[in-house]
Structures are given as structure tokens and as C-alpha cells.
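Starting from the known structure of chain A, fit chain B onto it as the hints suggest.
Protein chains: 2
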Amino acid sequence: MAVTINDIASHLGISKSTVSKALNNASDVSTETKQLIMHTAVEMGYIVKKIRQSPKVCIFIENMDYQNPNQFGYGIVSGFRKMAKAENWTVDVHAVTPDFQRVHAYDFFMMREGYQASFVLGFTLLDPWMAEFHQTRFPTVLYDNYIKDNPNVASVGCDSAEGFELAVRHLVKLGHQKIGLISGPLESYILEARYQAYLAAMKKFGLEVKEDYIGLGYYVSESTKTYVPKLYEQGVTAILCSHDIRAISAMTECSDRNIRVPEDISIVGFDDLPIAAACNPPLTTVRQDRIALGKCAYYTMTSLLNDVPIGSILLRAPLIIRNSTGPVPVPRE
Amino acid sequence: MAVTINDIASHLGISKSTVSKALNNASDVSTETKQLIMHTAVEMGYIVKKIRQSPKVCIFIENMDYQNPNQFGYGIVSGFRKMAKAENWTVDVHAVTPDFQRVHAYDFFMMREGYQASFVLGFTLLDPWMAEFHQTRFPTVLYDNYIKDNPNVASVGCDSAEGFELAVRHLVKLGHQKIGLISGPLESYILEARYQAYLAAMKKFGLEVKEDYIGLGYYVSESTKTYVPKLYEQGVTAILCSHDIRAISAMTECSDRNIRVPEDISIVGFDDLPIAAACNPPLTTVRQDRIALGKCAYYTMTSLLNDVPIGSILLRAPLIIRNSTGPVPVPRE
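As given, the protein sequences belong to chains A and B, one line each in that order. FYI, full-length UniProt numbering numbers position 10 of the first sequence as 10, with every residue one higher than the one before it. FYI, full-length UniProt numbering numbers position 72 of the second sequence as 72, with every residue one higher than the one before it.
In isolation and in its complexed conformation, chain A is listed as follows:
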């Protein structure tokens, strides 16, 4: 059933050896012929099953910094590389944009570059390749994204529901009831997951959710500028934030307005970036173990290559309690 080099050759009416050379990117085949053969191979669903002597995998990354240890992506890429290195995989990292994705079809790019599999970080639901992942034949691991109907694509991430449940439990113990959410737009798989996690945690502890307790905005500082005072006026005494960056921005906004953290309002982040412990006050947050995420992604990739059909892996999301959360304040007049 699988498409062979023979099939491609007879479909195009050219020799098998030319097809083979083109797929191996040999120098004695013209660029035009290579392009034609590779496009045809992708369209016919040809897939390189044989792992080459120096197997190659690609990390595609967008909307995420990874080049120094303070940045979110750093640990993920390091964890992945560490595992890959032990098994002699070459790991390339490509920063990609939606424009790049529009120009280069995913399967075609993977085949042309000789990648056996990929790990995809930081994509939103609007990224062009997200649609292509529904059909791709390349083992593809998505961080914080999920593709329903393609067993070649798996998901890894931390358990948002667990993290926010722990956060709300902690706040409830401190006497909070009016708990708000500051997050980004729901056109992202993970922001939708965090939003649902917030609703579920509030429901679990019997707390009321009002529309006015929730602030969703694309630009971080603009949305905290809008929503911190708005939520505070609604009597919200604690705010969950979708990411540490939003939590830190919310604390800055509080500071600008002489709202004390945690005396007047408690703030909780998500990620546990290195900066979280160094904030003033140090940030209570849900930890994403980024080295472990990278290791898991590598394992998931090798599982997919070995026909172990992992759909998703969720890592634990422990709450790290620091000083940005405290007892509920005495009601204001």
C-alpha cells in the first residue's frame, strides 16, 4: 500500500534512479526536476521510512524566545537536545513565521531538508501549518497544541487544569472567593485550555464566575493596564494569569496604582520563569518543568517513529508558593 520510489517514477514517466537521486538531494539532478519530484512525492504520500545514518529532526519555533537561560524556550530546547544527542540525532532549530509557512508547505519542507520528524513550539491556531498538520505523514510533536484526527501528530504540555486547581485551592485556603483571570485571546489552544481550567477550578470550589472577573487581551501591558483596575474595582482579591509575563506586568500595574501585592490583591502566574523568584514580591506560580517537557517531546517523537501512537502527554503542574499571594484583605468600604 505504501507509495514507493517506483510509483513516483512511473507516475512521472522518469527513471527510478532519477527519483532516488532527487529525494536524496543529489547534485546531478536539476533544481526544477528535484522540485517536481519532491512535490509529487509529497502529493502521493511518499514517506522516508528508513532512518538515515545521521538522522535529523527539526524544532520549529515561533512566538517564543529560547536563546538564553532566562527565556521560556531555552529549557525545552535543551531538554530535547540532551536526549537527541545521546542517540546521535542532529537537531536543527528554525524560527518560523506565518509567512514562511505560507511559502513552504510543511511536508515538502520536511522532505526537502531530510527531516524525519519535528517538534513544534509556540504556534497559534492561526498558523498556516496548523491546518497542514491534520494531514501530515511526518511524525510531529506539538507543544501546547493538539490535532484531533491525525495519529502522526502528538501533543505535550503541562496540565493547566491541575495547575489552576492547585492555585485556586491555595487562594481559597487564604480566604479568597472573588478570583479573576487575566489571559490572552482564545485563538490559541493553550489559552483556551487555561480559560477552561480557570472555569473548572472555580466551579470545583463553588465560586462564582462573573464576566467582569475575566480580562482577555492580546497585548500584555495594554491588557493589564485595562484589566487590573477593572477587576480590582469589581472587588476581585486575587488574579490568576495565563503566564508569568502577564503576572509580572499585572504586578507592575498594581505598583503604579499603589495597589499592594499581596496585601490588597494576590497574583498568581503560570510558567515559573527564572525571573519569577526574583520579582518583587517573588511570584507564586504554576511551574512548567521545561527540561522535562523537552525530554518528553523527544520521547514522544521516537514513539511516533516506532508506531507507539501517543496522542498526548501531560506533565504535572505543581504550584510554587511565594509571596505574591496572601490572606484575603478585609473588605474595602
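No wet-lab data here; the hints were simulated from the structure. A few of these clues could be false.
Said to hold, decoys possible - The list that follows gives simulated cross-link-like pairs (lysine to aspartate or glutamate, EDC-like), each with its CA atoms no further than 16 Å apart:
| hint | chain 1 | residue 1 | chain 2 | residue 2 |
| --- | --- | --- | --- | --- |
| 1 | B | Lys34 | B | Glu62 |
| 2 | B | Lys178 | B | Asp149 |
| 3 | B | Lys82 | A | Asp307 |
| 4 | A | Lys82 | B | Asp307 |
| 5 | A | Lys178 | A | Glu208 |
| 6 | B | Lys21 | B | Asp7 |
What the hints assert, rightly or not - If you want the footprint, here are the derived chain B segments under chain A, 3+ residues with CB under 8 Å:
| hint | segment |
| --- | --- |
| 7 | 112-125 |
| 8 | 307-316 |
Since the structure is predicted, the reported quantities are computational estimates derived from the model, not experimental observations. Ideal placement from N, C-alpha and C gives every residue a C-beta, glycine not left out.
Positioned in the frame of chain A, the structure of chain B alone reads:
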């Protein structure tokens, strides 16, 4: 912070070497002293971190057959063993009962037998060790069970929600709308998950769920005897079953009552046991890839031992379409 052999020795006022010998099950320490030392070690939270030269792991199994290839547990145990063997782990399999669990505390048993970790199959929520898993310090992987608050315990299983969504989509395409569920009592994590998966899939396709469409009973043949005719009288034209065994029992019940499968009613199972393809008619069912489950469980165990805090792994649950499902029948008079 970790409890050491020294701590145990000074707590009991005995020598460090006696503690060490007892924990290594040496023959020159009396049974009573060993018991005392091991119990104390467990209570103090001592854990054997060092992997011994011949590391040992245990599969605990209950309510599940695994000794021949037609049985559900066989592939899971094989997949696990295959991975473990490659890394020189010894794998013991213990069939356990609730009574056994009541007599032997989990951590104590693990320590006494020198197991580094375990894989637990077929437990219900009523099993005594399920309560102990909330506190255990031993890396423990549960098939089809989940412990919320202990990062030493992880879960592996197939995605019930995906499987039942695929099943309902398939039935809807065949014209079915009145779709029922036959399952077991909800005192099991996985039966609760299947139940929720059924409700979610029905909601997803805008189908009405009536209480009379659902039959939950402990004993397989007794409950199909009760619920197959009951659901059929309600006008149900297709039944999802929590497991192949229930589905096969439902087909037998249909045959006894001259209800034709799939002409009068469609039946869907869950598991894809070897027997599913050999039934008359061959059973449409959701596949659990049992070899892959075993492999995943092994990987998860090694991840926990290496501080990669996996909470859960869900494998894909593809629908295998055979002949027990067909077009919705013309409405009966």
C-alpha cells in the same frame, strides 16, 4: 532533606549497619528487627534512590487476564517486558486481591521485595492501595487510573473521549441518532471516563441523551440481558459498549431475541480484543494498542525515576470498522 539510613538508625537507637543490612534483607538480622526497620523506614519516608545492579519492578494485576494472547492483559505485559528486558530490568508479575492489599501496605511491600517501581493494572476505585497511592514515594504507573495529588504516580491509557467521538461520528454518518450506552458501574475511573466520553460525544453531535438509553450493571451477561431489550424498546438503534466483552454479550443477547445485528441494531465495542474480528458479525470497536500501552508504561516508569513528572499519557484510540454497525433501520411501527 531526604531521609537517610543514619536518620532511621538514630530514630530507633540502633546501629547504621543493622539498618543497612535489614533494608538489604540480609540473613543475619532477625525477621522482627527487619520488620521494625522496614516499617520505620516506610513511615519516615525513606526511599531507595540507588538503582541496584539488577533493578526490579513489579506489575500488579487484578480483574484482568494476561496469560494467553487472546486475553486483554497479555499485550500490555508483553510490551512492558520487551522494553524492560532491553534495559536489564527484572519484571515480576503479582496477581493481587483487595485482601492481599489490606494485609500488605503498598510501600512496605515494595521496600521489602526490593522493587524500584511498579505498574498497576485493573484496579477499581475501591482497591485499598488506591488510597495509599496518594502518599506513596515509589514511582507507580497506573493503567486506566489517575491519582490527582501525587507526582510519583502517573497514568497511562487510551483516549476514551477520542474513541467514542469517532464511534458516534461513524454512527451518525450511518443515520443513527438514538444511541445508547451499556457499561459497568461508575466506581471505576475508566468506566466513569467512558461514561463522560459518551455524554460528550452525544453532545458534540447534538444528539439527545435519555436516561433510558443508558444501562450500567456490574455483571456482564446479566446487564446485557436487562438492558439490550430495554434500550431496543426505547427505539435505540445503536449501542456503544464500554468493552468488547460487553459488546459480544450484547450481540449474543440480540441473537437470542432475534434482533439482527446490524440490520436492527448496531453494536460498537472498546478494546479490539483478538476475538472481536472473529465474532459473528465481526465487531466494530475502538482499538486499544496494548503492546504500545505496555511500552508507554515502561517509559513512564523510567521518566518518573528520572524526575520527569509525567502526569498522564493518552494513546490514540482509533475506530476499527467491521460489520456490527450498519445503516440505521427504517423506523419500526
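Evaluated hints:
Pair hint lysine 34 (chain B) plus glutamate 62 (chain B) does not hold up; C-alpha atoms about 29 Å apart against a cutoff of 16 Å. With a C-alpha separation of about 39 Å, the suggested pairing of lysine 178 (chain B) with aspartate 149 (chain B) is violated against the 16 Å cut-off. Proposed proximity of lysine 82 (chain B) and aspartate 307 (chain A) is supported: the alpha carbons are some 15 Å apart, at most 16 Å. Between lysine 82 (chain A) and aspartate 307 (chain B) the alpha-carbon distance is near 15 Å, which keeps this suggested pair within the 16 Å criterion.
Restraint check for lysine 178 (chain A) and glutamate 208 (chain A): satisfied, since their Cα atoms lie roughly 7 Å apart, inside the 16 Å limit. Straight-line distance between C-alpha atoms of lysine 21 (chain B) and aspartate 7 (chain B) comes to about 15 Å, which keeps the hinted pair within the 16 Å bound. Against chain A, the segment 112-125 of chain B contributes 0 residues with a C-beta closer than 8 Å to a partner C-beta. That does not satisfy the three-residue criterion, and the hint is violated. For the segment 307-316 of chain B, the assignment as covered by chain A holds, since 10 residues bring a beta-carbon within under 8 Å of that chain's beta-carbons and 3 suffice.
Against the hints set out earlier in the document, violations occur for numbers 1, 2 and 7.
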